[in-house]
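*Asks:* Residue strings, one per chain:
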Amino acid sequence: MKDIINSTQTINSYIDKNRIKIDEALVSLRLMKEVDDFLDINDVSQRDFASNLGYSEAFISQLMSGTKKFNTSFINKLEKVYDLKINFQIEIKDNTKFITKFSNSFLEININVISLSEVQNTFALENNPNEFLKSEINFLEK
Amino acid sequence: MENFYLIHFCDKHKFRLYLNGSNSELTKKFTEINRINKLTTKFVLVIEAVKNKISNKTQFNWEANCEFGEIYAIKIDNHRFYTLVIKNQGYRELFICRYGRKQSNNNDKKLLSIINSIPNITIQKLLQ
Numbered sequence: 750m751k752d753i754i755n756s757t758q759t760i761n762s763y764i765d766k767n768r769i770k771i772d773e774a775l776v777s778l779r780l781m782k783e784v785d786d787f788l789d790i791n792d793v794s795q796r797d798f799a800s801n802l803g804y805s806e807a808f809i810s811q812l813m814s815g816t817k818k819f820n821t822s823f824i825n826k827l828e829k830v831y832d833l834k835i836n837f838q839i840e841i842k843d844n845t846k847f848i849t850k851f852s853n854s855f856l857e858i859n860i861n862v863i864s865l866s867e868v869q870n871t872f873a874l875e876n877n878p879n880e881f882l883k884s885e886i887n888f889l890e891k
Numbered sequence: 002m003e004n005f006y007l008i009h010f011c012d013k014h015k016f017r018l019y020l021n022g023s024n025s026e027l028t029k030k031f032t033e034i035n036r037i038n039k040l041t042t043k044f045v046l047v048i049e050a051v052k053n054k055i056s057n058k059t060q061f062n063w064e065a066n067c068e069f070g071e072i073y074a075i076k077i078d079n080h081r082f083y084t085l086v087i088k089n090q091g092y093r094e095l096f097i098c099r100y101g102r103k104q105s106n107n108n109d110k111k112l113l114s115i116i117n118s119i120p121n122i123t124i125q126k127l128l129q
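Sequence order for the protein chains is W and P. My numbering runs 749 ahead of the 1-based position in the first sequence. My numbering runs 1 ahead of the 1-based position in the second sequence.
You may find that some hints are simply not true.
[As the list claims (entries may be wrong)] As a list, the in silico DSSO-like pairs of lysine-lysine whose alpha-carbon atoms are at most 27 angstroms apart:
#1 Lys842(W) with Lys15(P)
#2 Lys111(P) with Lys766(W)
#3 Lys817(W) with Lys126(P)
#4 Lys88(P) with Lys818(W)
#5 Lys818(W) with Lys54(P)
#6 Lys770(W) with Lys126(P)
#7 Lys818(W) with Lys126(P)
#8 Lys818(W) with Lys13(P)
#9 Lys829(W) with Lys58(P)
#10 Lys842(W) with Lys103(P)
#11 Lys30(P) with Lys751(W)
#12 Lys842(W) with Lys39(P)
#13 Lys842(W) with Lys52(P)
#14 Lys817(W) with Lys88(P)
#15 Lys817(W) with Lys58(P)
#16 Lys29(P) with Lys818(W)
#17 Lys103(P) with Lys782(W)
#18 Lys766(W) with Lys103(P)
#19 Lys39(P) with Lys770(W)
#20 Lys766(W) with Lys13(P)
#21 Lys52(P) with Lys817(W)
#22 Lys782(W) with Lys88(P)
#23 Lys782(W) with Lys39(P)
#24 Lys13(P) with Lys842(W)
#25 Lys29(P) with Lys782(W)
#26 Lys126(P) with Lys782(W)
#27 Lys58(P) with Lys770(W)
#28 Lys842(W) with Lys126(P)
#29 Lys15(P) with Lys826(W)
#30 Lys842(W) with Lys829(W)
#31 Lys770(W) with Lys54(P)
#32 Lys58(P) with Lys751(W)
#33 Lys818(W) with Lys58(P)
#34 Lys58(P) with Lys834(W)
[To be verified] Chain P is faced by these chain W residues, among others (derived, beta-carbon under 10 angstroms):
#35 Ile790
#36 Asp797
#37 Ala799
Think of the hints as simulated: they come from the structure by calculation, not from any bench. Note that CB positions come from ideal geometry on N, CA and C, so glycine has one too.
The whole structure should be built from the sequences, with the hints applied where relevant.
*Replies:* Structure, rendered in structure tokens:
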């Protein structure tokens with residue numbers, strides 16, 4: 750019991766003390782999850798993957814476990830060897846309300862998809878702001 | 002009945018992690034890896050990746066299904082922590098049940114018997 754309490758304290762204090770390092774590793778692990786799925790779907794072993802990219806199997810294992818982080822050289826090799834394009838997209842995490850103001854403009858909104866409240870000229874949308882921005886761009890392009 | 006201690010939780014990610022305190026081999030190995038910084042780092046990275054749903058098979062490998070949920074192996078170098086994953090009231094609850102070594106030709110049967118023993122565990126949750 751005493752050992753478990755000590756271990757628990759070790760884990761929780763480790764997380765608190767190393768929050769930034771852990772978060773950095775998690776960024777790398779987000780891509781490695783995609784790579785893992787790609788290897789699984791295409792039935793490529795980690796050994797073959799390492800060999801094709803010119804890395805050691807141990808290095809790929811370290812990337813997968815998060816102890817090493819990917820760099821642009823890794824992405825470049827991955828794209829070239831497997832003829833892929835890795836997409837980077839900036840998305841706002843928080844899907845909370847996004848408020849904007851319109852003047853002299855008309856916007857058609859499907860209220861089945863998003864909820865809308867109107868107070869004078871201010872609209873509050875409970876959808877992803879990025880989706881909204883895309884709509885706005887399309888609207889302006891027309 | 003085996004006693005499980007809540008060793009980590011996160012309400013934001015609706016995640017709870019329990020450790021079986023009734024299995025001496027497991028607690029011994031768990032304590033052992035927590036004394037080595039490098040292994041603690043790896044363990045924490047697996048837990049954080051699972052919490053954020055970005056774990057891969059090198060870290061957290063599916064082993065079997067059972068009537069309560071799914072059994073995964075938390076992989077830390079050659080160490081394997083066999084873990085029952087249950088969904089409970091919107092929370093993902095991980096119960097680290099048993100310890101095993103990396104699978105090889107010699108100990109394949111032992112690992113299978115370890116995994117097969119997990120659905121028979123009666124879980125008693127204890128708050129630390």
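*Asks:* A separate judgement is required for each hint: does it hold in the structure or not?
*Replies:* A quick look at each hint next to the structure:
no.: 1; hint: Lys842(W) with Lys15(P); in the structure: 17 angstroms, holds
no.: 2; hint: Lys111(P) with Lys766(W); in the structure: 38 angstroms, violated
no.: 3; hint: Lys817(W) with Lys126(P); in the structure: 35 angstroms, violated
no.: 4; hint: Lys88(P) with Lys818(W); in the structure: 31 angstroms, violated
no.: 5; hint: Lys818(W) with Lys54(P); in the structure: 18 angstroms, holds
no.: 6; hint: Lys770(W) with Lys126(P); in the structure: 32 angstroms, violated
no.: 7; hint: Lys818(W) with Lys126(P); in the structure: 36 angstroms, violated
no.: 8; hint: Lys818(W) with Lys13(P); in the structure: 25 angstroms, holds
no.: 9; hint: Lys829(W) with Lys58(P); in the structure: 24 angstroms, holds
no.: 10; hint: Lys842(W) with Lys103(P); in the structure: 38 angstroms, violated
no.: 11; hint: Lys30(P) with Lys751(W); in the structure: 14 angstroms, holds
no.: 12; hint: Lys842(W) with Lys39(P); in the structure: 31 angstroms, violated
no.: 13; hint: Lys842(W) with Lys52(P); in the structure: 16 angstroms, holds
no.: 14; hint: Lys817(W) with Lys88(P); in the structure: 31 angstroms, violated
no.: 15; hint: Lys817(W) with Lys58(P); in the structure: 16 angstroms, holds
no.: 16; hint: Lys29(P) with Lys818(W); in the structure: 31 angstroms, violated
no.: 17; hint: Lys103(P) with Lys782(W); in the structure: 22 angstroms, holds
no.: 18; hint: Lys766(W) with Lys103(P); in the structure: 30 angstroms, violated
no.: 19; hint: Lys39(P) with Lys770(W); in the structure: 13 angstroms, holds
no.: 20; hint: Lys766(W) with Lys13(P); in the structure: 19 angstroms, holds
no.: 21; hint: Lys52(P) with Lys817(W); in the structure: 19 angstroms, holds
no.: 22; hint: Lys782(W) with Lys88(P); in the structure: 22 angstroms, holds
no.: 23; hint: Lys782(W) with Lys39(P); in the structure: 22 angstroms, holds
no.: 24; hint: Lys13(P) with Lys842(W); in the structure: 14 angstroms, holds
no.: 25; hint: Lys29(P) with Lys782(W); in the structure: 31 angstroms, violated
no.: 26; hint: Lys126(P) with Lys782(W); in the structure: 31 angstroms, violated
no.: 27; hint: Lys58(P) with Lys770(W); in the structure: 22 angstroms, holds
no.: 28; hint: Lys842(W) with Lys126(P); in the structure: 34 angstroms, violated
no.: 29; hint: Lys15(P) with Lys826(W); in the structure: 37 angstroms, violated
no.: 30; hint: Lys842(W) with Lys829(W); in the structure: 30 angstroms, violated
no.: 31; hint: Lys770(W) with Lys54(P); in the structure: 18 angstroms, holds
no.: 32; hint: Lys58(P) with Lys751(W); in the structure: 32 angstroms, violated
no.: 33; hint: Lys818(W) with Lys58(P); in the structure: 17 angstroms, holds
no.: 34; hint: Lys58(P) with Lys834(W); in the structure: 23 angstroms, holds
no.: 35; hint: Ile790; in the structure: 13 angstroms, violated
no.: 36; hint: Asp797; in the structure: 15 angstroms, violated
no.: 37; hint: Ala799; in the structure: 12 angstroms, violated
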